[in-house]
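Student: Top line first, the protein sequences correspond to chains A and B. Everything in the first sequence is counted per this note's numbering, starting at 1 for the first residue and increasing by one. Everything in the second sequence is counted per this note's numbering, starting at 1 for the first residue and increasing by one.
The set of hints was computed from the structure by calculation and includes no laboratory data. Careful: at least some of the hints might be erroneous.
Claimed, not checked - Here are the simulated distance ranges between beta carbons:
no. : chain 1 : residue 1 : chain 2 : residue 2 : range
1   : B       : 24        : A       : 20        : 20 to 30 Å
2   : B       : 444       : A       : 213       : 25 to 35 Å
3   : A       : 213       : B       : 306       : 50 to 60 Å
4   : B       : 24        : A       : 331       : 25 to 35 Å
5   : A       : 22        : B       : 299       : 45 to 55 Å
6   : B       : 353       : A       : 331       : 43 to 53 Å
7   : B       : 478       : A       : 24        : 39 to 49 Å
8   : B       : 489       : A       : 317       : 22 to 32 Å
9   : B       : 489       : A       : 315       : 30 to 40 Å
10  : A       : 317       : B       : 299       : 45 to 55 Å
Said to hold, decoys possible - Okay, the calculated bits of chain A under chain B, using three or more residues with CB under 8 Å as the criterion:
no. : stretch
11  : 41-52
12  : 70-80
13  : 238-251
Heads up, the beta-carbon is just placed ideally off N, CA and C, and yes, glycines get one too.
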Amino acid sequence: MNKIEPAAPEAPPQELSPRDRQPRWRGLEAGHRACQGCGEALAARLVLEAAGPDVVVTNATGCLEVFTTPWPQSAWRVPWLHSLFENSAAIASGVEAAMKAKGQRTKVIAMGGDGGTFDIGFQALSGMLERMHNVLYVCYDNEAYMNTGIQRSGSTPHAAMTTTSPPGKERMGKRHMKKDLLSIIAAHHVPYAASTSVSFPADLRRKVRRALDIEGPTFLLVHSPCPLGWGHDASRSIEIGRLAVECGLFPVVELERGELGGVMPIREPRPVTEYLKLQNRFRHLFADDHRAREEREHLQALADHNIDKYHLRGDGADPLDTAGIDTVRRGGPLR
Amino acid sequence: MATLLTRGAYALPGTSLNFKTGTWRSEKPQHKHWAAPCHSACPAGEDAQAWLAKVQEHKPREAWEALTRVNPMPAVTGRVCPHPCESACNRGQYDESITIHGVERWLGDQAIANRWTYPEAPKGAGGRIAVVGAGPAGLSAAYHLRRRGFEVTLFDAMPEAGGLLRSAIPLTRLPRDVLDAEIARIMGLGIDFQPRHALGRDLRLDDLRSSYRAVFLGIGAGKSREWSVDGAVPGDYADGLHLLKEWIAVGGIPMPKAVAIHGGGNTAVDLARVWKRAGVAEVHVITASALPGPGADPSDVLNVVPRELKEAIEEGIVFHEHRTIQRLLMRGSKVVGLEMVRLRKLPDGKGRMARVAFEGTETVLHVDMVVPAIGEVVEPTGIESLMHGANYFRADAFGRLKDAEGVLVGGDSRGDRGTVSAAIGDGRKAAEAIDAMLSGRDAVEERRDVVTFDKLNLHYFERSRRVALSELPVEKRTDVDEIEGGYSPAEASREADRCLSCGNCLACDNCWTLCPDSAVLKMKEIASDGSHYRFDYDYCKGCGVCAVECPCGFIEMVADD
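Construct the entire structure; sequences and hints are all you get.
Tutor: So, in structure tokens, the structure goes:
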């Protein structure tokens, strides 16, 4: 029988997958190789979400660079450059100068970990700030060289254990203090230098937008818990970052032209031990040893010092303090 | 998908999606819709969390519809229920529990004011069911049967429906226009109401069983218990419920100078307050239970709506807790006083609780009337064959009687109930059991695990006090004006917003925002589990951040192999 075959129906327009329909800009995509519960991976995604697509990212060597770009794949959906450990700020300076020459307003974001910022890339960063490049530098601060196996950095807090600051007979973890990088940045008289934490996404996003709105060099220090390096359960990353802020060890502040601008007030300061006891890198501070007790008190004093120095103690409950800023309601965050 | 390379062998952006990090996982997150404590504590079976969520969404009509899928009379229960939901509320461990009854009442009143109706009941295809007793249990059974498509004939001995809600609850707690409105709405579903039909007088159980496909008995407990103190009965003996009913029906009540009410339920407290307002100087309530307070054992506390008790004490009623009457002081047949003694319910060594009176704690109270309000039992006339000489029916959870197929019971006639809400729950469960029986399947009652306080993440909620309900001051209280006021729309909304959404998705975006691996996808449509989020197990590494940071305990980590 000669039967006329009906014409093949036109192919339906390709359906967008749920992932493609997410109501947010996806600057850093899934499939990256960060560890479980990585604070830095989350922080970088949140930064890009707030920054939007019209950006160029330069990246220092470090975890972020490694886990997002195992050749031949990339998790980045924005132009992204990596050259060396020490020169993220230098590359960003050049990209910014080129953008300026082209008359293009694309924003340049330089990224690095604390190793690439506090120590190895510090001179390039200082130069970028001194030359007043219109770049936002974001430092993901996980307080040690995690990518190479947890060596101490200038950012490692006092008394923390790393592979190069082991506790023992001589020392209780790192001997030196955490470098006060934010003050050093602010001393460059830049318009905006701020700290924030991945545990307070609303604060982080606001500060990224604020910094990008400012013409000139801006700097953001993002506290980013590292389950592997800090020795805590992967599921507790956000909680531990929150405790760091709530105890005063990581002050969340804004410095504008060197002066203290806003701070995130602490509703009820927590004892530092609540923060320390969840992490293996401070485990030796809970040994039955008079030095352990001394170092716990030392860290508490450092936290109290931060609270006094930055006036972190709130004046009663505030909707934007540590306890209020995350308040949720049905259908999304309160603000 | 093959890796995309440009001619220069540079990887195209976005290709990390080719690498499925989900294979690293040993545990995976999944949504778990728990029962909120308010839901598991509700004798009617209401899921307050679910309808409070609708109020939070500013959809009061949908909230009311969700509520009335279980309880057809929210304006009534919002007023008279002792709200065990509020005692169970997790928020009570944080600051103050949600005023669930206040929001429930507001929804009920909105429905009456705006003439909201139930969805139209399907045409009766399931056959006709007899419901005896138009109190809360019978009304609920009739309502649920009708909504399931059965025809219903509803009998009651009284001229009007309502049962104890009409005959024994003072107007100060339940205005009758509210009761009338909710009953009229139930009758509007097409229920054949036959008033003035008493079981044993106008109706015979056998006739009902042969003429209807099933029979539900919500006949309450209408017969007073025998009461005497060592054989002594006052000459002016009357039981409490009878006096309360008479006062509500005709407005008259004896006027002693001082009265003692023996009992610890709502009847005792309601009657005490009626007497106090009528001008009796001294009103005593003598109860074997304890007053609620810090340290009180919940199983030992008076079974009274907590705010009613608070109001009664404000009004000057004297409560004697852990006491019983040991002797009546009589002059002829006239009471001139009584002797009380302290007692406690204590284990008797055989695993049961027994009342132990303590010698040497006797005190005398000078009153000229003593009234028992110690509960009632089922009037057995016409149903002797079902009672087997017991005071109450013995039935399973659905109200089914072992030896009478097709006859179900519920409400106060069970003896193990005692609240309007429990009666409403019985009616609903009986409707399910009848439906199941007639369609040849097993009856089911949905049960979910209860989410406890420690599963919530309170960091995400600000502390807040409950929104207070207005209350008439003692000097303005009358016999007819409702004492507790209702919420305004803004107040109801503010109170509902305090709900922590225990065990159910709040759609707060926390999991979506905080997943380091972008493995939580936000969906436009609501997923079958009630949330707006889906886990992308291709990429989820199983870190568990979402489970810890979920404010509601809606995400749990389970082994994944």
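Student: Compare the structure with each hint and give your call.
Tutor: How the hints compare with the structure:
Under the hint 20 to 30 Å, the C-beta atoms of residue 24(B) and residue 20(A), about 24 Å apart, fit the expected range. In this structure the supplied range 25 to 35 Å is violated for residue 444(B) paired with residue 213(A), their Cβ-Cβ distance being about 58 Å. Range check, residue 213(A) to residue 306(B): Cβ separation about 55 Å, and the 50 to 60 Å hint holds. Here the CB-CB span from residue 24(B) to residue 331(A) is close to 32 Å, well matched to the stated 25 to 35 Å.
Distance hint check for residue 22(A) and residue 299(B): the Cβ-Cβ separation is about 51 Å, which falls inside the suggested range of 45 to 55 Å. Here the CB-CB span from residue 353(B) to residue 331(A) is close to 49 Å, well matched to the stated 43 to 53 Å. For residue 478(B) paired with residue 24(A), a C-beta distance near 59 Å fails the hint of 39 to 49 Å. Range check, residue 489(B) to residue 317(A): Cβ separation about 26 Å, and the 22 to 32 Å hint holds.
Remark: the range hint 30 to 40 Å for residue 489(B) to residue 315(A) is upheld by a beta-carbon distance near 34 Å. Distance hint for residue 317(A) and residue 299(B): a CB-CB separation of about 38 Å, inconsistent with the stated range 45 to 55 Å. For a cut-off of 8 Å, the count of residues in the stretch 41-52 of chain A with a CB near a CB of chain B stands at 4, and the three-residue condition holds. Given a C-beta distance limit of less than 8 Å, the hint that chain B covers the stretch 70-80 of chain A holds, as 10 residues qualify and 3 suffice.
Counting residues of the stretch 238-251 of chain A whose CB falls under 8 Å from any CB of chain B gives 3; the rule of at least 3 is met.
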